[in-house]
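Protein chains: 2
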Amino acid sequence: MNKSNTVFFKNAPRILSSAAVCGSKESEGIIGSYADITLADDMFGESTYEKAECKMLSSAISLVIEKSGLKEENIDVLLSGDLLNQIISASFAARDFTFPFLGLYSACSTMSESILLGAALVDGGYVKTAVCATGSHFASAERQYRYPLELGCTRPPQAQWTVTGAGGLLLGRSDKGIRVTCGTMGRVCDFGVTDVNNMGAAMAPAAADTIIRHFRDTQTGPEDFDLILTGDLGALGSRIVKDLTWEKGFDISNNHVDCGEIIYKVIESEFQGGSGAGCSATVLNSYILTKMNAGLYKRVLFAATGALLSTVSSGQGESIPCISHAVRLEV
Amino acid sequence: MNKSNTVFFKNAPRILSSAAVCGSKESEGIIGSYADITLADDMFGESTYEKAECKMLSSAISLVIEKSGLKEENIDVLLSGDLLNQIISASFAARDFTFPFLGLYSACSTMSESILLGAALVDGGYVKTAVCATGSHFASAERQYRYPLELGCTRPPQAQWTVTGAGGLLLGRSDKGIRVTCGTMGRVCDFGVTDVNNMGAAMAPAAADTIIRHFRDTQTGPEDFDLILTGDLGALGSRIVKDLTWEKGFDISNNHVDCGEIIYKVIESEFQGGSGAGCSATVLNSYILTKMNAGLYKRVLFAATGALLSTVSSGQGESIPCISHAVRLEV
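Read top to bottom, the protein sequences are chains A and B.
No gaps in the numbering here: position 248 of the first sequence is 248 in this note's numbering, and each next residue is one more.
No gaps in the numbering here: position 34 of the second sequence is 34 in this note's numbering, and each next residue is one more.
Just chain A, same shape as in the assembly:
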């Protein structure tokens, strides 16, 4: 008998509102007509990429609150994090608001970690409302993790494109809205991948581990979900997660969708798709939740994935530990 790592929310916190802001490249794709703000210029009127990233996140948080019909003083806590060193986008965005802030770091799985913890806080009655939000910016991520754009480096075909965008949602008690019914906490998985240009392959085992544990802990299978939504595995990583879950007896191929694979037009031999904390944050909080609210998807398992490396750990010869937190969303 395996131990359960799934937490159940008896009072099923609801998603009261959601919002997304996305960059110019992103607005040309599937989320373009669903995002609340689409930027013509990815600098968003700021002087640096990092400040633009922070402004997107802050704007998404403001929009989430505005769309819920609540005021800033009705918000009990913000749970947020991002990819930048010391999560400065989240911390500086939190400075714009008067409510408390709980800083998280889970790389590109921050969106699902924040929903999982936010749902526990609301469900347990510790807070009435919680904003969960994250984001990323292509240019700030490139210069922090890889090379400054100005160098004009060539990108290998297995590389993904960090999404410029931010998204968030508001959790609270209500008798309507999408419910967060349970969540499976991620474990660190490291299969020894060291290629920092191949995050999809590094993260796929973590996604498979969490998805399989969710099925086992809740006695469900792929057929119980309209959508099994991963965060940013990209085209190759998505193939790997399907293989890994299939090997364990779960065929998710019919209902698996990866936010990174759908956010841009993907031809796998040329391009793997989107990545970054903003990838699943924008896709979930615009396209997916709109479809759920319209009744097209009734039950979604959202399992964002994160690669927990740094330039220092890679420089010191370490492989890439990865994680995936999953939450179940139901209409």
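These are computed hints drawn from the structure, not numbers from a lab.
The structure presented is a predicted model; accordingly, all values stated were derived computationally and were not measured.
Possibly wrong hints are sitting among the right ones.
One copy or two, either will do: identical chains are not told apart, so a pair holds if it fits within one copy or between any two.
Lysine-lysine pairs mimicking DSS-like chemistry, simulated, CA-CA at most 27 angstroms apart [stated by the list, open to error]:
{"id": "1", "residue 1": "Lys-71", "residue 2": "Lys-3"}
{"id": "2", "residue 1": "Lys-3", "residue 2": "Lys-128"}
{"id": "3", "residue 1": "Lys-128", "residue 2": "Lys-10"}
{"id": "4", "residue 1": "Lys-291", "residue 2": "Lys-176"}
{"id": "5", "residue 1": "Lys-71", "residue 2": "Lys-176"}
Given the coordinates of chain A, assemble chain B onto it according to the supplied hints.
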């Protein structure tokens, strides 16, 4: 009427065990005879400072579990974070264990943030046990935030010394042990301080804000606590937090103690004391909890503070946003 930012734990999760690992300089101070492991060599047998930091944290987590009498399979989740970019110490330490990991970032207030969230998860029945841990290393912090030690830079008198050490505790349900009865979530406070060598002054307003809100939310005052314990304000910051709370009508001067001020011998004109996530983690999880278990302190408000800056934010001319999360510990 101000809104409450304090969460109450009706079932009062208990501290089942705690452990601390500290470096050579730290072992000469007050925690030397209380820590479980004191290092003769701060490299801890590793090839880099970052790996040594990770090993300290991993050792502290192992010790916490061992001292509780439980096994790894009895642990439901680890809540941890640290100061390094992308919290690699915590992520790589989590790789050593099979239980889930929730990554946090709250700079030097990670210890209290982890207890606050861990207590909510245990109190609400979402998990049975939660390990909360963090740490830091002088040499890895210096080269990431300031200059590599090899440069031999002169330190200004208002600078603090990042503690080499890690500490953690295990929360769970029990009928004995120190109780975590409530916690006040921190808000981001920024008084415009830009001097990265003067963290105490930057963080003191955040500590004062949280301590005062805790008093108001719980209808208590300084006299209700045996100890009001801040994390790493240092000598100057401690003076400032006393002034700021005094201005609002709360005189904490008789029972305020700062972990950073007591961890080393401090002469304020020469040296401000310790800092870093490991500062409050080692002092709380060795010296303070031992005294509480012995009945010397019955009620402690633990309010660790964090400076949410990065080298990038400082380089871009930003001031230092700070935060403090507080938890109340009772015998």
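Hints versus structure:
1. When the C-alpha separation of Lys-71 and Lys-3 is checked against a cutoff of 27 angstroms, the pair qualifies only between copies, where the shortest distance is 13 angstroms, while the shortest distance within a copy is 41 angstroms.
2. For the identical chains of this complex, Lys-3 and Lys-128 are inter-copy neighbours only, at 12 angstroms across copies versus 30 angstroms inside a copy, given an alpha-carbon limit of 27 angstroms.
3. Proximity of Lys-128 to Lys-10 under the C-alpha cut-off of 27 angstroms is found in both arrangements, the shortest distances being 15 angstroms within a copy and 16 angstroms between copies.
4. When the C-alpha separation of Lys-291 and Lys-176 is checked against a cutoff of 27 angstroms, the pair qualifies only within one copy, where the shortest distance is 16 angstroms, while the shortest distance between copies is 50 angstroms.
5. Taking the shortest Cα distances, Lys-71 and Lys-176 sit within 27 angstroms of each other inside one copy (19 angstroms), while across copies they are farther apart (42 angstroms).
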